[in-house]
Every structure is written in C-alpha cells, then in structure tokens.
Amino acid sequence: MSRLATTFEALAKSGSKALIPFITAGDPYPEFTVPLMHAMVTAGVDIIELGVPFSDPMADGPVIQRASERALGHKMSLRRTLSLAMEFRRTNPTTPLVLMGYLNPIEAMGYEEFANAAQRAGIDGVLTVDLPPEEGAHCAELLKARDIDPIFLLAPNSSVVRIQKMDTVGSGYLYYVSLKGVTGAGHLDIASVQTKVAELRAHTGLPVAVGFGVKDAATAKTIADLADGVVVGSALISKIEGNLDSPEQAKQEIIELLASMRLAMDTFGA
Amino acid sequence: MTENYTMPDVRGHFGPYGGMFVAETLIPPIQELNAAYQHYLGDADFIAELDKDLQYYVGRPSPLYHAERWSRELGGAQIYLKREDLNHTGSHKINNTVGQALLAKRMGKTRIIAETGAGQHGVATATVAARLGLECVVYMGAVDVARQSLNVYRMKLLGATVVAVESGSKTLKDALNEALRDWVTNVDNTFYIIGTVAGPHPYPAMVRDFQAIIGREAKQQCLEATGKLPDALVACVGGGSNAIGLFHPFIDDAQVALYGVEAAGDGIETGRHSAPLSAGRPGVLHGNRTYLMADDDGEIIETHSISAGLDYPGVGPEHAWLKDTGRAQYVSITDNEALEGFYALTRMEGIIPALESSHAMAYTMKLAPTLQPEQTIIVNLSGRGDKDMQTMAKREGIEL
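Protein sequences, first through last, are from chains A and B. Position one of the first sequence corresponds to residue 44 (our numbering), numbered consecutively onward. Position one of the second sequence corresponds to residue 8 (our numbering), numbered consecutively onward.
Take the hints with a grain of salt, since some may be wrong.
To be verified - Pairs of lysine-lysine, DSS-like flavour, derived with a Cα cap of 27 Å:
(1) B:177 <-> A:118
(2) A:282 <-> B:177
(3) A:208 <-> A:187
Said to hold, decoys possible - Simulated DEER-style distance windows between Cβ atoms:
(4) B:262 <-> A:207: 45 to 55 Å
(5) B:397 <-> A:207: 54 to 64 Å
(6) B:350 <-> A:189: 52 to 62 Å
(7) A:211 <-> B:273: 43 to 53 Å
Said to hold, decoys possible - Quick look at which bits of chain A chain B covers, simulated, 3 or more residues with Cβ under 8 Å:
(8) 113-122
(9) 169-178
(10) 190-198
(11) 213-227
Think of the hints as simulated: they come from the structure by calculation, not from any bench. Ideal placement from N, C-alpha and C gives every residue a C-beta, glycine not left out.
Build out the structure end to end from the sequences listed, making use of the hints.
So this is what it looks like as structure tokens:
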C-alpha cells in the first residue's frame, strides 16, 4: 500500500481531513524549500505537493508563474527538485510527497529514468498537469510499478465518463479543480463544489482532494467538510512573494496560515 | 512515401507527434470543438458559406504569379509565387480565421480569443470578429507589441482588445500560454482561434484543412500554367500553417520536393534562432508533442528571429512527422539572408514581402540556380511586408 493510501486511511479512521500545501520547489531559492517542508509538517500538514518549476506553466495563474520564474532563476529543474525531495526524505520517512508539474521536463529526462529517479527520491505521487490519461497510460504504468500513484485532475465540466476513466487509471487521490480557471483565481462556489464532489464520490472510491481557490482558514474548513483533502497553493506562495526581502518572515506567515487552517479543519461545527 | 496520406489518426497523432496534452479543464471544450468540426466538415451549408466568404471576402483564388524577371536573374528554375499577400488583411492567416469564426458562430460562441506573434493572425481574427459582431481579445507578447505597433493599431481599430503579455519571454509562446489561461477561465462562451497548425488536437488538423486551399489552388494553377506538377515547393515555417497549407495537397505526389524554411536568426551555431526542426528535440508544449527548442531539463528556451511570426520554440506536429519520414526537408535561413530575400523580391518584382515570407524567398535564391529552366518552384508568398516597414526603416537608420 502506498504512503498516500495509508495516510488517507489513517485520516478517515480519526475523522480528520488531509491538509495539502503546494509550494514550488526552489522558490524563492533552493535552500529555502526543505526547511519549509519540515516546518509545514510540524504545523500539521498531511501531504506535500511539490511543484516542479516549468518555463511555460499554462494552467497556473500569475502567482505560481512568478514562483516558477524565481525558481528557474536559480537554475531549478526536475532533477534538482528530486534532490530536494530526497533531502527531505532523509529525516522524514512518513509524510507523502507528490510532485506536481508539466510534462516536458519528464519527456526530456525520459519516462523510465524519471520513474526510477522519483522512486529513489521517495516520491509517492505524480500529478502531471498536461498529461491526460489518453496520453499518459504508459507513464502511469511505469509509476504504479514503482508504488508511485499517478494522480489526475478533474474539473467542474468533467463528464461521468471522465470521472470513471480517472478512477481506473488514477490512484492515491483525485484532485478536483474547484473552478474553471487557473490557480489562484476567483473564489469558490461552495454549492457547486458540493454537488460535484457528490457526483465524484458516486463513481470513485478514491479520496477526493479539492484545490484552486482555497485562501484562508474559513475556506479550508468549508472544503474539508465536503472532501477528503484540501489543497492550498497560491495563498502560500503569495506569502513568499510578499516577503522576498525576508524569507524567514515568509516562512513564519506560511506556517501561521497552515496552522490556522489545521485548527479550523479539526474544529467541529461552523 | 505514403499513398493516400491520411494523417492524423482519430486522436490527433502524426506518428509519435501531435495528440492532446492539456489540463483536464480543457478536455471538454476541446472535445466539443472536435465534434463540431467533424460535423461541419461534412455539412454542405457550412462548406458553401465558407467557400463564398473565401471568394468574396478574402478575395480567393489568390494568383499564382510567374516571377519571370527574378527567375531569369537567378538563372535556374521558373519561380512562381503563390500570392497569399493579396488576401484581405494581407496574409494567409485569414483563410483559417474565416473558417474558425464560422465554426464559432455555428457553435453559438459569443467571444473570440486569439494569440498573435507578428500580428497578422491577430488582425485576421479581429477582422472576422468585427464582421460577425463577436467580442474579440487578442494576446500578444509585450516584445511583439513594441515591434509590430502598426498591427496593434489595426486590431484596435477593428474593435479588438489587445492584451500585452508580460510573462516569460514576452513573445508568441507566452501569448499562447495566456490565451490558454483565458480559455480555461471562459470556456462556456469563448472560442479560441489558434492561428497555426499547433495546439492540441483538433487544431493542427483543423487549421491545416482551412489552409489547404492554398495548395489545392496552387496545384490546379500550376497545371494550367505549366501543364505539369511543380518540382519543388518552398514555404517558411514558424508554427507552420502556410507551409502545411501549401504542402498538404501535394504530399502524395512524391515527385514534388517539399522545403520548409525555418528562421536561423543569428545563425544555428549561435543558439540564437527559432529552428526547432533543424536544431531542436522532441517534447511536449502547448498541447502537442513536436520538435521544440528546450534545454536538457526540458525548459523551453528563448527564440530569436528578425520576424515576430517565426519567433516560436515549437512547430506544428505534422511538420515533425514530415521531417522524420523524410517527405519534407527542413532548412534554415538567417536574419541577414532573409533580408537579402526581402530586398531581392522588392527590387526585382516590385513586391514587398513580409519578413516571414522573406525566409522562403531567401531559400528560393539558393535552390533555383541548382535546378533547370524547365523546372518549376512554387514559393508561398504568405504575407505582405507593410507591417515590417518600421522594422526595416529602423535597420536602415531611417525615422518614419
């Protein structure tokens, strides 16, 4: 059983929901990332999504685009992201790590070499934004053979056929993109998320994590009441961007935000 | 090579190239588009309306002009120019925008978006949007906005909103990223008119099919003028829509050589160029697998060309396939060589070509002398040079 499955099972037993931060590896500089990951675990997160910087992040809004640009400015790459993951794993053998990024860096490395390197680095899941299941079956097989979960996105306009397809090819969890748009955009329409998550649950037994638009403790709590996991990305990266001259301040603000989300999610009632 | 060429397959693959590499949010609109396109492709009313627009609005057929003086001067093959520069709005781009706009109308979309490099596709899109009364937003890299200000003004006159894209390298690829982001956000009412044979399936096939009228006309016109098929076709390749448009109807005619001309910028050896087929590697960008300019880590690298329309790190997946199969040959022309082509056609035939098309002219100057006077080359004159007057004047140190 993968670390992701174990984590979601344990959370379900305790009646808790997964708090899943997304950060871009190497933002604002490479040495910042691993200490931040450890601090986030201490603040109560359950899974970490580590963004692989890419020159052309087509599905991301301006906040994550700029995070990618900052990281690439420090020569970050898929290989160096994997090195950071491996460094994290040396002292944390339990918290699941999910790589999230775009396909071309994986194409450049080669699927098999990537799958091997991800396994060595202790990666638990891989979410490739621009690799839908039609094109990604081979990559998914290579990952699954190494106990790494291929994670797929679902959107508000995804049909039942798509949901069933993701249930078949995906594992670990399904990532529901809560709005039509890019990361960091707009605000959540809770009623539509509720309806769609219910539809997802009718067609999959996989845990459902919801992201795009989670900004604060209140939205995290609302989503946690509907889904199995809450993904927060742009709101964290905004803290980095707002404190570029003081990374320690950024780290502290990220930890405070995550801790407030954890508290809200674990509190019963409104 | 192939008899009865039928690429792509049903999922948009040209061998290992093409495909549909997009985020899940874009899958439903792309499936909707593909279904509509497949339907209207066989719809007699749609085809009749398209043909009528191409004739009376675009001004087709475009002439196949025998450049006699230039042919004599070069002392080899007879050079024929396919005059796409004479189309309404001044380039081949309108063949495709007229088609996609009709599709948008049939699909009930009220808002059009587009990306543009040199501004020719943006102008062609703003034009058809104005005619159909549709809202139009054009994304253009901030660098291109500065170097193609005339086209920016034209788009605005036509009622379009031009958004200067400040991310990444601020050129065509970044405009495409931004248009994709807009589309994801506004999928319900928005039709994305991609200007080249790239993007996710069905765009490479659809744009090719709308542009293939160039080759169909050229074939018939060549037979009428010379009594035989041409010996070679030459076209510039950025994304590659004018080249595929010319090549496609000739792919099964194995005796016709196909030459795609990429932008070598400062020279392939300098690394400052826009020639993925000549010096790139396969990868995935903007929804398809194709040859790309990327580094060892798979990050897209910046491109360089004197012509904004060729300044793109990828190329249509069908060109990648034609390269690998050897059916077409891909060559490159530097900025300086393109300028020679620009001046040659201007002075020799009284036709000012776009800087993009000037790359095809420059390669023709190399190819023609290697052939015999009874042989024929068709060169795609994909656009006129009016938009490049500021760039050229500046190079000559003249203030306009």
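How the hints compare with the structure:
Distance check on the hinted pair: residue 177 of chain B and residue 118 of chain A sit about 20 Å apart at the alpha-carbon level, within 27 Å; holds. For the hint pairing residue 282 of chain A with residue 177 of chain B, the CA-to-CA distance comes to about 26 Å; that is within 27 Å, so the pair holds. For the hint linking residue 208 of chain A to residue 187 of chain A, the alpha-carbon distance of about 16 Å falls within 27 Å, and the restraint holds. At roughly 50 Å, the beta carbons of residue 262 of chain B and residue 207 of chain A sit within the given window of 45 to 55 Å.
For the pair residue 397 of chain B and residue 207 of chain A, the supplied restraint of 54 to 64 Å holds, since their beta-carbon distance comes to about 55 Å. In this structure, residue 350 of chain B and residue 189 of chain A meet the distance hint of 52 to 62 Å, their C-beta atoms being roughly 59 Å apart. Distance hint check: the CB atoms of residue 211 of chain A and residue 273 of chain B are about 50 Å apart, consistent with the given range 43 to 53 Å. As drawn, the segment 113-122 of chain A meets chain B at 4 residues by the rule of a beta-carbon pair under 8 Å; at three or more, the given contact holds.
Using a Cβ-Cβ cut-off of 8 Å, 6 residues of the segment 169-178 of chain A lie near chain B, which meets the minimum of three, so the contact claim holds. Judged by the Cβ-Cβ criterion of 8 Å, the segment 190-198 of chain A is covered by chain B as claimed, because 4 of its residues qualify and three suffice. A stretch counts as covered by a chain when three or more of its residues have a beta carbon under 8 Å from one of that chain; for the segment 213-227 of chain A and chain B the count is 4, and the coverage holds.
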